[in-house]
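Protein chains in written order, with the working numbering: chain A, 290 to 425; chain B, 290 to 425; chain C, 290 to 425; chain D, 290 to 425.
Hints are computed from structural coordinates only; laboratory data are not their basis.
Quantities reported herein were computed from a predicted structural model and do not represent experimental measurements.
Treat the hints with care, since some could be wrong.
Put simply, identical chains are the same to the list, so a pair is met inside one copy or across any two.
[As the list claims (entries may be wrong)] Capping the alpha-carbon separation at 30 Å, the derived lysine-lysine pairs in DSBU-like fashion look like this:
1. 391 x 336
2. 353 x 371
3. 391 x 373
4. 405 x 391
5. 391 x 353
6. 353 x 373
7. 405 x 371
8. 367 x 336
9. 353 x 336
10. 367 x 353
Residue strings, one per chain:
Protein chains: 4
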Amino acid sequence: MVFEHTISLRVRYAETDQMGYVYYGNYAIYYEVARVECIRALGCSYKSLEEDGILLPVYEHYSKFIAPARYDEILTIKTRIKEKPTSSRIQFEYEIFNENGKIINIGSTTLVFVNKQTGRPCLVPDRISRLFDVLS
Amino acid sequence: MVFEHTISLRVRYAETDQMGYVYYGNYAIYYEVARVECIRALGCSYKSLEEDGILLPVYEHYSKFIAPARYDEILTIKTRIKEKPTSSRIQFEYEIFNENGKIINIGSTTLVFVNKQTGRPCLVPDRISRLFDVLS
Amino acid sequence: MVFEHTISLRVRYAETDQMGYVYYGNYAIYYEVARVECIRALGCSYKSLEEDGILLPVYEHYSKFIAPARYDEILTIKTRIKEKPTSSRIQFEYEIFNENGKIINIGSTTLVFVNKQTGRPCLVPDRISRLFDVLS
Amino acid sequence: MVFEHTISLRVRYAETDQMGYVYYGNYAIYYEVARVECIRALGCSYKSLEEDGILLPVYEHYSKFIAPARYDEILTIKTRIKEKPTSSRIQFEYEIFNENGKIINIGSTTLVFVNKQTGRPCLVPDRISRLFDVLS
Chain A
290 MVFEHTISLR
300 VRYAETDQMG
310 YVYYGNYAIY
320 YEVARVECIR
330 ALGCSYKSLE
340 EDGILLPVYE
350 HYSKFIAPAR
360 YDEILTIKTR
370 IKEKPTSSRI
380 QFEYEIFNEN
390 GKIINIGSTT
400 LVFVNKQTGR
410 PCLVPDRISR
420 LFDVLS
Chain B
290 MVFEHTISLR
300 VRYAETDQMG
310 YVYYGNYAIY
320 YEVARVECIR
330 ALGCSYKSLE
340 EDGILLPVYE
350 HYSKFIAPAR
360 YDEILTIKTR
370 IKEKPTSSRI
380 QFEYEIFNEN
390 GKIINIGSTT
400 LVFVNKQTGR
410 PCLVPDRISR
420 LFDVLS
Chain C
290 MVFEHTISLR
300 VRYAETDQMG
310 YVYYGNYAIY
320 YEVARVECIR
330 ALGCSYKSLE
340 EDGILLPVYE
350 HYSKFIAPAR
360 YDEILTIKTR
370 IKEKPTSSRI
380 QFEYEIFNEN
390 GKIINIGSTT
400 LVFVNKQTGR
410 PCLVPDRISR
420 LFDVLS
Chain D
290 MVFEHTISLR
300 VRYAETDQMG
310 YVYYGNYAIY
320 YEVARVECIR
330 ALGCSYKSLE
340 EDGILLPVYE
350 HYSKFIAPAR
360 YDEILTIKTR
370 IKEKPTSSRI
380 QFEYEIFNEN
390 GKIINIGSTT
400 LVFVNKQTGR
410 PCLVPDRISR
420 LFDVLS
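The task is simple: from the sequences and hints, build the whole structure.
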């Protein structure tokens, strides 16, 4: 593994559904918050990446829902980047724990660096590569 | 009143919360769908408006929640434009009815025509004004 | 394959993000709408299933994002149930096409039949099994 | 005024729309987070209120959008309860400021105390009234 980062967030009422749990589609939002803070901790704000003309859309998304998350719980999300991004992709893995320390969700997303002008995939920007060079 | 339009839509599971009803924030989405179809019926696609460099952000939003909307119900939304937009604003009024014909929500939104380049309010575009001239 | 169903829906403004495309987390909502209509076409309303004390939470969710979906586009979603559900699970597969007929997203979800009282997985309800018996 | 509370939160990517700003419907979520933390600061968790059989649905909602909120900004939300709730209602007022201290949104919501069993409005629970007695 090359980098790991942990955040906590509280489940909002808006994120629940009538089953009384967090709606499954909202885990994608939790993953987004987690990976944005992960790369911020690495030294890069995703916002500034977009301002530099690089988009980072999601290409693949996988989630396994082990146990439900409930309203008002504080969830802990561990985000891992297992490999330094090489070509035009970067992968994040997630584990979500509830307040009792029980793992309730695991997932992964693969994102693609895209040139905003051309709309085409591009190589990992140098400013991102360098962050990983410092780590290893 | 200068124009009225009615649409129906079905409540999605994602739109409910753990109270078992539609989350109050999601009515804003219903209003959005309703007013977009209202102006499409008038003869204008909001998408084309944005392509012409005009944005239409919401300036004011009011909702009264009379009775809950439930999962899987088909809601009927009546949208009214009571006055031809003059300066840089347009107002929509909404009434939402459930499957029993009971009124469950009323609301209104005021939107502002904004020049995408400058980010400043602009006059109602001619192509919008003309749609109302035909009506009256 | 045992059952296939197709629906169409229009992308809402609320579903876009500042990249100008549908936010990746919202495909889960599209899948939900598609599978609910799929089982309705089979002869079962998911709402009535919950009223009978059976919940159907998502256990696994996979998505591949091939091309972006844009505001106001009418998307066509094909939902497939490839195998009759046997134990306590049911799997749905999805293909999403844009207005040009281009495939833009594929995905799958596995859901678990859960007894609302106990919160434990349960066997596929008879009323669901029977729908598939009629098909084959 | 009887009580005021301030929170901060960061705008999520999921909350933006293709205009590049926070979607207007998402302010309702910000208000929800703000008022839940406001009553927690007062000494009451909304979650425990529901566990006691009291729901607190929104009856009226008003928002004025003064300036846009942008992705990744940290917003500051001031929530005010101007009057001790008396009959069955409680009103919250909100002001949202961006990172430059500029006010970008004001709003208010009126919520109704509802008995979960009967679905009917009920008097403000004693445990809530008492919180305000301590204040004054």
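Hint-by-hint comparison with the structure:
no.	hint	in the structure
1	391 x 336	between (32 Å within a copy, 20 Å between copies)
2	353 x 371	both (19 Å within a copy, 20 Å between copies)
3	391 x 373	within (29 Å within a copy, 33 Å between copies)
4	405 x 391	between (40 Å within a copy, 22 Å between copies)
5	391 x 353	both (14 Å within a copy, 28 Å between copies)
6	353 x 373	both (24 Å within a copy, 22 Å between copies)
7	405 x 371	within (26 Å within a copy, 38 Å between copies)
8	367 x 336	both (21 Å within a copy, 26 Å between copies)
9	353 x 336	both (28 Å within a copy, 24 Å between copies)
10	367 x 353	both (15 Å within a copy, 23 Å between copies)
The structure shown violates none of the earlier numbered hints.
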